[in-house]
Amino acid sequence: MPEPSLYNPIGSSFVELESIDSTNNYALSAIHEGLAQHGTAVFAHEQVAGKGRRGKTWLAEKGNNLILSMVINPSPLLPTQQFQLSACVAVSALQLFQKLAGEDTRIKWPNDLYWQDRKAGGILIESIIGAGSWKWAVAGIGININQVSFAGVGGRPVSLRQITGRQHDAPDLARQLCAIMDANWQQLLTAGFDNIYELYQQNLYKRGELVRLRHGSRNFDGLIKGVSRDGRLQAEHGLEESFATDEVEWIFPDPDRSGNL
Amino acid sequence: MDFKQIQELIKMINKSNIGELTIEQKDFRITIKQKEEHVTQVVSSVAAAAPVAYAAPQPAALPSGAPAAAPADKAKAAEPAASNLITIKSPMIGTFYRKASPDKPNFVEVGDEVAPGKVVCIIEAMKLFNEIESEVSGRIVKVLVDDASPVEYDQPLFLVEPA
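Chains A and B are the protein sequences, given in the same order.
Using this note's numbering, you'd call the opening residue of the first sequence number 1 and step up by one each time.
Using this note's numbering, you'd call the opening residue of the second sequence number 262 and step up by one each time.
Be aware that one or more of the hints could be misleading.
[As the list claims (entries may be wrong)] Straight line, CA to CA, 30 Å or less: simulated DSBU-like cross-link-like pairs of lysine-lysine:
#1 A:K62 / A:K108
#2 B:K403 / A:K119
#3 B:K294 / B:K350
#4 B:K379 / A:K135
#5 B:K403 / A:K135
#6 B:K294 / B:K272
#7 A:K135 / A:K206
#8 B:K350 / B:K379
#9 B:K379 / A:K119
#10 B:K272 / A:K119
#11 A:K206 / A:K108
#12 B:K294 / A:K119
#13 B:K360 / B:K350
#14 B:K379 / B:K365
#15 B:K403 / A:K108
#16 B:K365 / A:K62
#17 B:K379 / B:K403
#18 A:K119 / A:K99
#19 B:K294 / B:K403
#20 B:K350 / B:K272
#21 A:K108 / A:K119
#22 A:K62 / B:K379
#23 B:K403 / B:K360
#24 B:K379 / B:K294
#25 A:K62 / A:K99
#26 A:K119 / A:K62
#27 A:K135 / A:K108
#28 A:K135 / B:K287
#29 A:K99 / B:K360
#30 A:K119 / A:K206
[Unchecked claim] Short, incomplete list of chain A residues facing chain B, as computed with Cβ under 7 Å:
#31 A30
#32 P76
#33 P79
#34 T80
#35 Q82
#36 F83
#37 S86
#38 P110
#39 I125
#40 S127
The set of hints was computed from the structure by calculation and includes no laboratory data.
Keep in mind that this is a model prediction, so the values were computed, not measured.
Ideal Cβ positions, reconstructed from N, Cα and C, are used throughout, including at glycine.
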């Protein structure tokens, strides 16, 4: 493998594909073959086997969405500091979307993009750890851009076009997202996590509101207080507790949307 | 000498031409050896670095004084003694998965050969999916955790009989 560089701006190498199984798979294969560099971005007009959490697929119409994977050298962070990268990607997606769709854009813990009560995008980060160090990360982002029909998809997803009433250029937005991510990543490495963490907290979906959570077999209404610096959801219900993603489920008012976060 | 210093030392030796180095401090003694093929290897790569990095935990794990491994009884080589086995541990708190997705085969099975860089499992932590690479060359002799179970930081995941 080539010596990973921290200095190529993210998106300086921008691969644009007509159609691919999954941009994350493409980037991960490149890493395993020793062909990827920090900053390489992979954009696809169509993703035929997009990945969601543990095999859940992400459906996107051809040419109508932002489908992007960014190769990051995360070695300045420890494997136990992964939330810092996760938050950095989420805040970057938020900033891009907020610029066009306005203030109702939020981050739903841990890293979905929401507009009002509707999902506008998702993030899937895959990474490689060897010899105790965090060697590579592939940050995959999917954002609904021009798609207006979401037949068969639960939970009323929303696209940028539905919000703004006009078409957008998905590859151009992907390039903008790379530039935003690069600035945030540089800031994280040079100035630390404080600013990204603050932005994440300020824009957290349902912060300060009661939501129904499921913890094991028990359901309860918890007041969302925020997230901890290592990414655990802090909810208050009598006493304050914090949860990792595999410990609580978020139960939406809309039954279609319930399920693992 | 703490773990961090040992890691630094291994990195240094790995980049050097030193074949073997022993350091003694009071009742502590550590020997780090490079495998011959890695000493002569000109192009350094991540894959080449890893086996050396693993040479250390064995001597370091010995209580004190014991010089590197005693000559092994060759007759017993087929039956790996527990003490020879290397443990692959979890680098983080999370959920342990043996396959890339539910419809894929396991990354490794008991009896499979692994080498540095070979992915042995995925640990999911906070919706982030981490492929965990083996740091050693050898054969998987035991899988210690069930698929899709929670694991703690440093929890043993696999036992590997070193090659």
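Each hint, compared with the structure:
1. A:K62 / A:K108: 26 Å, holds
2. B:K403 / A:K119: The hint is violated at about 42 Å.
3. B:K294 / B:K350: OK: K294 of chain B and K350 of chain B at ~22 Å, within 30 Å.
4. B:K379 / A:K135: 14 Å, holds
5. B:K403 / A:K135: At roughly 26 Å apart (the allowed maximum being 30 Å), K135 of chain A and K403 of chain B satisfy the hint.
6. B:K294 / B:K272: 12 Å, holds
7. A:K135 / A:K206: Roughly 34 Å separates the two Cα atoms, so the pair is violated.
8. B:K350 / B:K379: Holds, because 15 Å separates the two Cα atoms, which is no more than 30 Å.
9. B:K379 / A:K119: 36 Å, violated
10. B:K272 / A:K119: 46 Å, violated
11. A:K206 / A:K108: Holds. K206 of chain A to K108 of chain A sits at ~8 Å (cutoff 30 Å).
12. B:K294 / A:K119: With a Cα-Cα distance of about 54 Å, the restraint between K294 of chain B and K119 of chain A is violated, given a limit of 30 Å.
13. B:K360 / B:K350: 17 Å, holds
14. B:K379 / B:K365: Holds: K379 of chain B and K365 of chain B sit about 16 Å apart, inside 30 Å.
15. B:K403 / A:K108: 39 Å, violated
16. B:K365 / A:K62: This hinted pair holds, its Cα atoms lying about 26 Å apart.
17. B:K379 / B:K403: 16 Å, holds
18. A:K119 / A:K99: 17 Å, holds
19. B:K294 / B:K403: 27 Å, holds
20. B:K350 / B:K272: Roughly 20 Å between the alpha carbons, so the hint for K350 of chain B and K272 of chain B holds.
21. A:K108 / A:K119: 9 Å, holds
22. A:K62 / B:K379: Violated. K62 of chain A to K379 of chain B sits at ~35 Å, over the 30 Å cutoff.
23. B:K403 / B:K360: 16 Å, holds
24. B:K379 / B:K294: Distance of about 23 Å is within 30 Å: holds.
25. A:K62 / A:K99: It holds: about 24 Å lies between the C-alpha atoms, which stays within 30 Å.
26. A:K119 / A:K62: 19 Å, holds
27. A:K135 / A:K108: Holds, at roughly 27 Å.
28. A:K135 / B:K287: Between K135 of chain A and K287 of chain B the Cα gap is close to 36 Å, so the pair fails against 30 Å, i.e. violated.
29. A:K99 / B:K360: 39 Å, violated
30. A:K119 / A:K206: With a Cα-Cα distance of about 13 Å, the restraint between K119 of chain A and K206 of chain A holds, given a limit of 30 Å.
31. A30: 14 Å, violated
32. P76: 16 Å, violated
33. P79: Since chain B brings a Cβ to about 5 Å from P79 of chain A, closer than 7 Å, the hint holds.
34. T80: 6 Å, holds
35. Q82: 5 Å, holds
36. F83: 6 Å, holds
37. S86: Given a least distance of 6 Å, the restraint on S86 of chain A holds.
38. P110: Holds, about 5 Å.
39. I125: This interface hint holds because 5 Å falls under the 7 Å limit.
40. S127: Holds: closest Cβ of chain B sits about 5 Å from S127 of chain A, inside 7 Å.
The structure fails to meet hints 2, 7, 9, 10, 12, 15, 22, 28, 29, 31, 32 from the earlier list, while all remaining hints are met.
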